[in-house]
Structure formats: structure tokens, C-alpha cells
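Fit chains B, C and D to the supplied structure of chain A, relying on the hints for placement.
Residues per chain are reported as follows:
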Amino acid sequence: MDNIVITGTGIISSLGAGKEETLEKLRTGQRGIGPIRHIQTKHRDLPSGEVEYSDEQLKELIRYQEESIITRTSLLGRVALKEALEEARLDGTEGLHIAFISGNTVGGMEKSEQFYYDFLHNNSRNEYIAMHDCGACTDIMAKQFGGHFDLITTISTACSSAANAIILGANLIKEGRVDIAVVGGTECLSKFHINGFNTLMILDKEPCRPFDADRHGLNLGEGAAYLVMETEATARKRNIRPICKLAGYGNTCDAYHQTATSPNGEGAYLAMCQALKSSGLRPEDIDYINAHGTGTGNNDECEGIAMMRVFGDRMPPVSSTKSYTGHTTSAAGGVESVISILALTHGFIPANLGYQTPIEGHNFKPVDHVIENVTLKHVLTNSFGFGGNDSSCIFSALDTETPAPMQASEAGQCYIQSAAHVSIQQPIGDDWFHNPVMPAQAYSESIEPDYSKYFAPMAARRMGRLLKRALATAVEALGNHPVPDAIITGTGLGCIANTEKFLTAMIDNQEEFLQPTFFMQSTHNTIGSQVAQHLKCHGYNCTYSHRGTSFDSSLLDACLQMRAGAIGSALVGGHDEMTPAYFEMLGKIGYWKSGDVSPDALRRADSPGSLSGSCSLNMLLTDHSDADTLCRIAGMDMLYQPSDEELRSAADRILHQAGLTVKDLDAVVTGLSGDRDNDAVYRTFLQQYCPETPVVWYKHLFGESFCASAFGVYAGAVCLHKKLIPSHLLYNTSEEISNPKHILVHNHFQNKDHSLILLTL
Amino acid sequence: MKELIEELKTEIIDVLNLEGMTPADIDENAPLFGEGLGLDSIDALELIVLMEKNYGIKLANANEGKEIFKSVKVMAEYIKEHRTK
Amino acid sequence: METTERNHIIYAIGEGVVSPLGFTASTVYEAVRNGERAGRAHEGTFGLPEPFFASLLDEARLKNAFSALWDYGCDGYTKLEMAAILAANQAIEEANIAPDRDNVIFILSTTKGNVELLEDNPYEPERLYLWHTAQMVADFFDNPNTPIVVSNACISGCAAQIEAFRQLRHAGYRYAVVVGADMLSKFIISGFQSFKALSPELCKPFDGSRRGLNLGEGAAALVYTIDDPGTELPAGTLVAEGEAICNDANHISGPSRTGEGLLRAIQKATKGYDTSRTAFINAHGTATPYNDDMESIAIHRAGLQDIPTNSLKGYFGHTLGAAGILEVILSAHALRNGIVLASAGTEEPGTAADIHICLETKPVQGDGFLKLISGFGGSNAVLRFSITK
Amino acid sequence: MGKHNFDIESYCRITNDKVVVNNELLMQKGESGDWLADIYHHIGMQYPKFFKMDHLCKVGTLAAELVLKDKTFDRETVKADWAVILMNSASSLDDDRQYQETIRDRENYYPSPSIFVYTLANIVTGEIAIRHKIGGESSFYVFEHFDGARMDELVARAFDDNPELNTLLCGWVDYDTDGCDVLLCSFIRKESKESSENIAEYLNQLYKNQ
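Chains as they are written, first to last, in our numbering: chain A, 1 to 761; chain B, 1 to 85; chain C, 1 to 389; chain D, 1 to 210.
Chain A with its partners taken away, still in its complex shape (with noise of 0.2 Å):
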């Protein structure tokens, strides 16, 4: 296996637009914090990191002549992204495999903030609806590249997501799925963010001074940044020269505290350990540390000891940048990592603006001058998020000696041990499969179990009925088993019922007597690190918020990592919640029925629409199987926008490696819910590759929801466990099938996201 290396980079901050305003201003030590200018929030005195450019100015610099509607996330994500494709010389002639991942927490909440009763009572900005959520900001910026990416998710761990974009990416080119990972993350200031962090009294009145005595506080920024990865042989193959290598990276959870840091730093400590372990170098090795340095009082203490213990006393030369840019939560793992290379490729430090005074108990003092003319071989850069999604990447010079990552060694196997949900069908066990509740109108809750089995009512204090859900499932299918070394989400909308009080209340009382608990849940990654603290789990822990294929690559991560033996076990879960006024606007789109929603109405398939439903689902993944195993993952992929033809061939191809054929299935597990356009896309596929193989659906049963596929899988697992697939679930024909042996499911997100499982004993 080669080195993996980075052959384009775009960035876009308060910095500026481009690798050169950057430069310029980080090595004349030029902050990029100033008053508030573009967002009519209150709070506007607040300092913050804000990008110059309007909405207009950024669409002239990229010559967005679009006539689609677009949100300031996306806007600056495709701003940094077509630098960064530029320079890697991308155009999507190069018939390639290219993935695209992009990290982001609050979606398009910007435009949400402003339209929201818009979105309720009339009808002028609906468009924005359906631009809410993190993953259309990932799809919208897609287009930039024409559609040439095969595949693309979304990332959502708050603060750290473009650090573990940076991190699948380098996962899938290892695995040999992709030959390019382009991955960041973008975000743009919002009203919603700013009110969030000023609930937690985290932001200075001034200037921040991270690493400081006196900080008080972080600057929230915006921006976007991008990478272009390949291996070595690839871009030798492309005849382009690398910029750098990514020698290592580390992905790892403390599992501490929604908000706060581990008084020690373990997760910080566990990620760096992590990265440098990948990259086999020592801590000496390293030359300069990029830290995550938001300036609050908790992370800074905490990421100096967490370095004290990995540096001891030889602490390399250390700097937080939020000093130049403020807080890009979910961008800063990519302006932070691109950043880091300019630093590591024009031989200087970047300084710690605004220090004077060490922390009591550090031993170290940041770098509070730029420094030039130095030779940088190795840097590592922290990215750390609430909820203790802790990652570090390290980022070393092309003429240095690191060995080549490793190969993945296609020995792992895949089985789902077990699985819980809760849903509108009786929650828990497996009393849908003998007695379904047949939904008769659009909208239902989900019953909930009884929650004093799984968790004391003072820890519940703070949740959401999402996260209840979420953590009694995780229990429920862990059971017995031991700690898993993963937990992996999937969230197309996060804990939205909260999120939804913080907005109105933000709207209603003009930005006043906000409450923290509700901001919290906002972040997708709070259900992942809600269940890794509970679990004390300390693993790989990351959140997917990827519309209809959240929980599809949760589960991709999770089956990756595991063939490559990098885990053993893994709980990998979808979960979304439904609320009235919620689904009120998706139904303004398009989303829901009106009227009948019996099985045979939704066979018809005459109008859009479906009926919704909620999903909170959780199956522990392992590398073993034992007598209560409900059935291997024999195969899995993802797919972007793929031809009618590239989606058989997919399924080929997955059926191929397993040492099957088409005529071997037994099902063909698919998401058709009555819905129009959506079941003629499954239709095709079902025409053209296995017109012969019986279809299971269960979208009429659960529901749609953007996790919803994850009882497409459970579904599929639990008929191949219990050798049987009950004539309910059968789509076209009503006698059920004994014994099945091979299910592949299909799952699809109007038609642009696909995804593949095959099922086997």
C-alpha cells in the first residue's frame, strides 16, 4: 500500500478567500475576528470569526449561475472546494472512483432561523425545506463537480467532523473502494449557533486567547476547507505532485460529558496516542502541534495536559489558529488541517494571538509570535467535539520516512449480532414480525418502552425522547456482549424535537432566556456520545447525517473498518424523531399522504408521498458469530448518482465477492413506501436486475424517516435469523418465503444515494 498524500487544498475563512489571503494574514499575525457584519443577530458585538463575503459576493466568486436556490454552508463549501479541485487538477474526466465527504453540524439552519414561520404558515420559501439538514448541504455542493463524485456522505460530530471526513476518506482509499476522497467540512455562521454557544457562556467578549490564564472563552468563525487525497501511485498515475502526506490519524472518544472535557484529557490523549501510533512516529517526531484551542477555560486546560502526557517535557512548538479564524466547528478540522500544511510547506509557525500568560499546571507556553524560516517534517493537528468526539491527524512532509498505512486485510468478517428499535410498531423485540400494527394515517408516534429498566431517571434528566430511545436501544442490543470498539450513528436530523424548541424559543423571545439542554441536542453527535459516555466507551465513535443514507454509512464505516480488522465490534444505529410541525413542512414538499396508508394504497403508488415514521434502531456488529448471530454482512456499497447500469453492476460485483449470483437471492429487501417517484426508481432497479426475485418492503410498517433503512437491514436480518419472511412483508406476492438464505437490500434517497447490503446466513 502507498502513502497517502494531498494533492489539493481550498480553504475559506475570515481569513480570507483562498490559500494566498491566508497566508498572508497568518504569517503577518492578522486576526480575522471582528464584530459581527452580515448576520442580524443581536449578539452582534460578539467578536467572531464571520467571512467577509456576502451570499452574493461568494455566488460572483464562483460564478454560481445555478438558478437553484443555495444555502451560505454550501456557498462556502463549493468556494473552498473549487480550489481545492483545481489544484488537484480534478474535472471528473479522470474516470476515477472519487468520494466525497463533507462534515457539518447545523445544515441550513441559516436560512431555518429566517423562515422558519414561513416554513409553518405560508408557502414562499418551501424550497428552503428541504435544504435543511446537513446532508443537502453536502448534495448541493456535489454539483459542483458536475455529479462525478460515486460517492458522498456527510459527516455530523460537531466540532471534529472534518477531521473524521479526513478520516473515512482515508479509510475508503485504503480499502480500495475509492482512488480519491475529497473531504472537509463547511459551515456558515448562524443565528442558531451563536445563541447555542452564548447558552453555554462560552464566548469572550474579546478577542480569544487560547491557552491563556485570562481566556474567557472561544469566538465562533465560519468557513470552509477541502483536501484532495489519493495515493502516491494515483497521483504519480495523474502525473500530479503531491503537496504532503497524511501520515496518521486517530478517532476516539471520551466519553466524559456532553460539553465538558475529561479533567485528564483522556479522549484527547487516547486520539493523539492514536495518530501517532498509525504513523509510527514518536512524539519527537513531531514539529509542530495545530491544537484545537477554542480559548473556554475546560478545553484548553484539558488538551495542555492531555499533550503533557503524550509530550511529557519535550512539548513541540503548539498554536491554536482559532486565534487567527475563531471556532469553524464543523469546518475546523479542515481549515485547520490545510492551515497545518501551509505551515508544514512554507516553513513557518503561525502564532497563538493574543497569549501572555500560561495555564497553571502547563508546562508549556504556546507559540505567541510567528516564527519563519523553520523546518516543519511532521505536524499534528487536534480537532475535538462536543460530546468528546476527539480526533488527530497528522499531516508530514513528502521527502520524510513514514511507513505505508496498512494494507487492509480483507480477513474481517461481518455479522449483526443483534438489534433493538423503537418505532411505531411495539418496541424493543420482535413482536412486529409475527404482529404488525398496520398504520392508518401519516403521522404516528412511536410507543415508548419503559425506560426505568435502562437508565435512572436523574440521567434522564436532560434527554430528549430521542436520546432515550437511543441509549435503551443501545443497551437493549449490546445485552451482554462487551464494550463494542465502535459506535457509529446515523442521524439525518438529530434530536430535532429539541432543536426545534431552541429555535422557537430563539424566534419568540428575540434571543433571550435560551436554554443550554435544548442547544445541546441540536448537535447530531449528541446521540453517539450520549451512548458511548453511558457505555464508557472510549472506541471510534462517529455520526453520519446523510438524508436517506445516514444509517447506510454508519453502517459502511462500520463494515469497513471491521474487514479491515481495525475493529472487532461496532454498534452502528440510526435514529431520527418526528415532531407535528416537522412533518407539517415535509408535507408541505411532498413527503406524506394525505388520506389512506394501508399497504394496498401504498402498492398503488399513484401520488407522492409516504407515510412518516420515527426510528430509533441499534445493532451490534461483530467480527464472530455465535448461535444467536442474526445473519453476515456478506457485502456492502454506496453509490452516488449511479447509472441504471453502474447500480447493477454494483450489486454484480457484491454478489460476485460473496460467490453469488443473482439467481442465489432469496429477497430483494427494498425502501418502497407508495411513493411515486421513489418506487419507480426501485421498480427499475428490481425490472432490469431480478424481475423473478420476490420483493420485501417495511416502509409500511415503520414508516419513512431518513434512518428508515436501518429496518430495511433489521428487517432482512431478522427474516434470515428466524427462516422465515412473513407474507406482510412481501410486497408482490403473499406467500411467505421459508428458508431464505440471501437478501439484498436496496435502499435509495431520491435516486441520488443508493446503497447495496447483501444479507446472508
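Treat the hints as calculated values from the structure; they're not laboratory data.
Backbone N, C-alpha and C define an ideal beta-carbon position, used for all residues, glycine too.
With the C-beta cut set under 10 Å, the calculated list includes, among others, these residues of chain A facing chain D:
1) Ala17
2) Ile39
3) Gln40
4) Arg44
5) Tyr53
Only pairs whose alpha carbons sit at most 30 Å apart, straight line, appear in this in silico BS3-like list of lysine-lysine:
6) Lys196(C) <-> Lys205(A)
7) Lys268(C) <-> Lys3(D)
8) Lys271(C) <-> Lys362(C)
9) Lys66(B) <-> Lys536(A)
10) Lys196(C) <-> Lys58(B)
11) Lys268(C) <-> Lys71(D)
12) Lys468(A) <-> Lys53(B)
13) Lys501(A) <-> Lys58(B)
14) Lys25(A) <-> Lys82(A)
15) Lys85(B) <-> Lys501(A)
16) Lys42(A) <-> Lys66(B)
17) Lys268(C) <-> Lys193(D)
18) Lys271(C) <-> Lys79(D)
19) Lys82(A) <-> Lys29(D)
20) Lys193(D) <-> Lys271(C)
21) Lys82(A) <-> Lys18(D)
22) Lys42(A) <-> Lys58(B)
23) Lys133(D) <-> Lys268(C)
24) Lys66(B) <-> Lys501(A)
25) Lys205(A) <-> Lys66(B)
26) Lys82(A) <-> Lys69(D)
27) Lys271(C) <-> Lys190(D)
28) Lys70(B) <-> Lys205(A)
29) Lys133(D) <-> Lys196(C)
30) Lys186(C) <-> Lys205(A)
31) Lys237(A) <-> Lys82(A)
32) Lys73(B) <-> Lys53(B)
In silico contact screen, one side only, chain D against chain A (beta carbon under 8 Å); selected entries:
33) Gly33
34) Ala37
35) His41
36) Pro48
37) Lys49
38) Phe51
39) Lys52
40) Tyr110
Same frame as chain A, but now just chains B, C and D:
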């Protein structure tokens, strides 16, 4: 004072969502954080919102809460002295 | 290359000031000499939601003064036009010249002219244009030449004097009437507020705890003339000896950290000059953290750190287009009296480089002074003057 | 006519419908989009900061780029022997009007610093100075109309007055409600000599012809 303490207890239970707890379960002299009720830093932030919303008391930073939220009684005394509504 | 005109001497023969501190140059000088400060807290003024400190002209007093000059009353003139005409009139009267002759050129220095008319303009639309404002002033005095407007942000006042020197040297005019004026409005205050550039208290130029500038209204005028070399001048005449404008080429709204442009301007304006003749430096000294630091660095790099330096912004704020003219007039008064004026508002000097800030009015040696000024757009101007004995 | 100490090195004329550089029609306004952004992309300029600017600075920056496009010079170091002197009729009124919109409404009062920063006419000289690292004089004048004679006089005087000056960008850069109107030239010093050229007339022709 007595009234204020009772009022506060109800409000704390409500705002912190302390399910199944009644005002009688909270000892007005027991520490709210750490031992005692076992609240954490986010609860403290919620109490700061409560202070501002219900009593018009604005705390500039989270650290100020440390002294004020020692117990329900200390909190009530502080409110009595500083309330603006 | 030196032109023959360069050897001619250019000097001032008339001056005029309209300021909250007084309506003639000498009353304003006396007020400043007595340490009066015109800055006041304003709340709700101009319909602004946030309070601010500024030195505002009393409109009634302005109208009275103008009515006394102009039989037809104030109708048809904006506050800015009245103040500019009043200041010009004083200077012209003192100079005892005929402004309607074609050997007189009018030069107006203003940054924003009648910009407040954007909100509500009862006049013809042209009144928003700076050339029109200049024409109003020139027309008042029946001057036949097209007036010139210099709009170089904060350095306008000095740039307009430089323009006057050039007109006198090259264009054949005998007299140049340089008028600088700016009035405050919702437009200007809200803009500076949005920059967070305004001090929440009376400004403290060059002070370690300075927090921003105060704005001020005002108008000031100088009449310059040109004469053959060797012409005998009365004692106390303000003579223009050197000038320069240089750009930082750095950042439009932030001054250069290293004071590059200002340093070059100082060097150019003092080339071949014995700086020991310099009695004092009248700096721009806006009291923003950046400006004062930058100026201190430039002064220090120019080796002038021991020369007494002051800022007059503490008395009447930053008067924008009038500043460069008003401050030259007051500095000339001070040097005639052999003193340097104190920097009002400065308590504990604290700038990036150590320079000699005058905390109190005191006697000085030397017959010359330097006027420094810097502004948005990265421009810096330096004027060098002497006062005849 | 008379002595001349400078030459016109190149010029650029930008109006609402076309761009002419040194007698050559560079582009004509098409159907689509923003005219100034179109010019930016057409000439392949790479200067993201352009998009933060107001119209006046945009058009001035474009004109300077075009005037200097064939000139070889050091773009990195500050050049004290270069100056930029511009003039127009509307000063920064176009941007002033935009800023006024952000403070007009009591209910919707959000004064915008990023618009306010451009409410000074001479910011355009500053932007050009920053882009090309021009460290000499930068000045801005306001007159009712373009006048070739005035410009000729300003240029001649600048070279006369300032022995250090070698390259001068000088011209008319205006942006008002009816769009843009630009004639920008670069002048270089030459040995002063008698010349029968009527530069004022020539400048008037350049301004009128296009």
C-alpha cells in the same frame, strides 16, 4: 423567604426536569452540585437562565454561579437581595 | 528635478474656524489653550439607538452667524455649507483678497459632504455631490473658477493644502482658499459605531488605555498665497516648507503595523531639513489603538521620538475633512506663542513605540512643526511648516 | 503642445457596454449576469477580495488590472516611485446609498461595516495601491465632468512636483446610478521635451470615442 424557597424548589424541578422529584425531596441546605442533588455544569447554566428569566438577575459568567448555587437557601437569599422582577 | 516655482515661498495670509469651541480661529485657540473639551455624551441624537460621544456644532448659533453674514438668511444652505462659507469668509477677510477675481482658486476638503441628505433631501439631487458643495461655496464668493474637491478620507485637509500649493506653483493662481468641513449625521456615526471605532468616553490619544476616537463637527479655512523667494514676511507668518503623501499599500481600513507609508511621508517631507528646528509634531492621534501605535512606530523609526508630540483630537474630536486644516491653524497659533499644546485626554502614554507625548502645554524651541495625518485607504500625509520670527 | 515630461503607456476604458484596452475592444456586455464580475472572470483575474468590494472599487480595480496587464513589474515589493491619482463625479455615492439602506429602517437597523468601509471615494485608490503595491502618492479628486485638460494638468504636475515618480495611474473612475464610466491610464516619465501632441485633446478623444 420560606415562600421563595418553595417556589424555587418547584422551579428547579421543573427547569431541570427532575422527574419523580417533589419539593419535599430537596433539602434547602443540601448542596445542589456534586454530592447532594448531583447537578452538573449544564444544570448550572439552566439555573442561570432561570435567574434571568424569572428574577431579572443577570450573571456575567458561569463562575459566578458557583457561590450562588450552593444550596436552595443560598440561592433564595441571593435572589431576594438582587431580584429586579 | 526641481522646477523654478519650487523656490517660491508659499504662506498663509488668512485663517478661519467654525467649531463647537468657538467661531473664530483665536477664540478656538484660547479655548484649547484653557483646556476646554467640546466632546459630550449624546443619547438619541440623530435618531441613533446607541449613545455616543461627539463634539457637535450648535445649529442655532451657526444659523445666527450665517444670517449675520448673508442677508437672505439660511434657507437653501445645509449646515455643512454654512460652516464652510463662514470659515472661508473669515479667512478671506483676514487675507484681504477679492474672492471674485480669477486669480483665486477654491479648494474644498470634505469626506462625506452633505451625505445626510440621503435620508431626506429637500433640495435638488445634485446637492449630494461633492463638486456641487464646492460650487456652492465658490459661488457664494462669486469666484469664477471651477473649484477643486479633494476627498482623501481623513487626510483630506492636508491633501487639500498640498493641492493648494500645487495650484499656486503650477496653475498661475495667486491665492488659494482651502476650506475643510464635515458634519456628523446618523450615516457617519452609525458607520463608525459599526466599526467599533468610537470611544465610549472622551477620547485619550496615545494613552495606554485609549478606547477609540470621538468624532467632531467643524469647518476651517486657510488662504495661501505665493511670492517670490526672498519676500519679506511679517513675523508669525505660517510658511509651507515641505509636503508628502504616501500610501501604505497595506489594508484599506487598518493602518500599516509598521507605519511604512507614514514613515516614507515623514522622510520625504523632511528631506534635507535640520530636524532640530522642529518645535513639535502635531500628530493625527485619533485615539484608536491601531492608529496611535502606528504613528508612534513611524515617528520612532524616523528618529523623531524625542520631539514633543501632541494630538488635538481630545479638544474637538476627529473633524474628518476639517481636521488637517483646523489642526494646522491651531498648531501655528501655538508656535507663534512659543508653546506646544497639551494632548488633552492623555493621562498615561502607552503606544507600541515610545515617543514624547506632551501631557501639558509648555514652551518649545525651534521655528517649525510637522503635521502628520493618516487615514482609510492607506494614505498618509505630512506637512512641514515654519513660523517666521 | 509645449513641454511634456511623460508618455501614456496604456489605457483602459470601461463603460456599461464594453471594455476597450489600448484601442482594442476587449469585450462587450452579453446578456447574462453581473457586468463587473463578467469582466473579472473574462480576464482570468485571481483576486477573491474583488468580490468584497463596492462597485466603484471593483471597476477601478479591474481598470488598473487591465492597464497594467502587459507591464512587467515586481508585484511583491512596495513601489515608492508609483502613484495613483483618480477623480470622478459621484465620489462614493453608489455605496453611500447602499449603506443608507442598512440604517434607514428603525425596525431593521443593522449598519453594515463592510458596506460603510467603502463609503469613502479614495478607498478605490487604496485598493489599487494594495493590489499593485503602490507606495507613492494616492489622491482622489471630485469634479462634475471628465476633463482631459484637467487630467493632463494633474499628470504633468505630478511628474513635475515629484522627482521620484516614475509610473502614475491616473484617470476617471466613476460609478453612479447609471453605471460605470472609467478611463484609466498609466503614465510613465520621460525626458522632458517639446512636443506638439495635444494630450488633453487625446484624452478627451479616448473618453468620447468609446
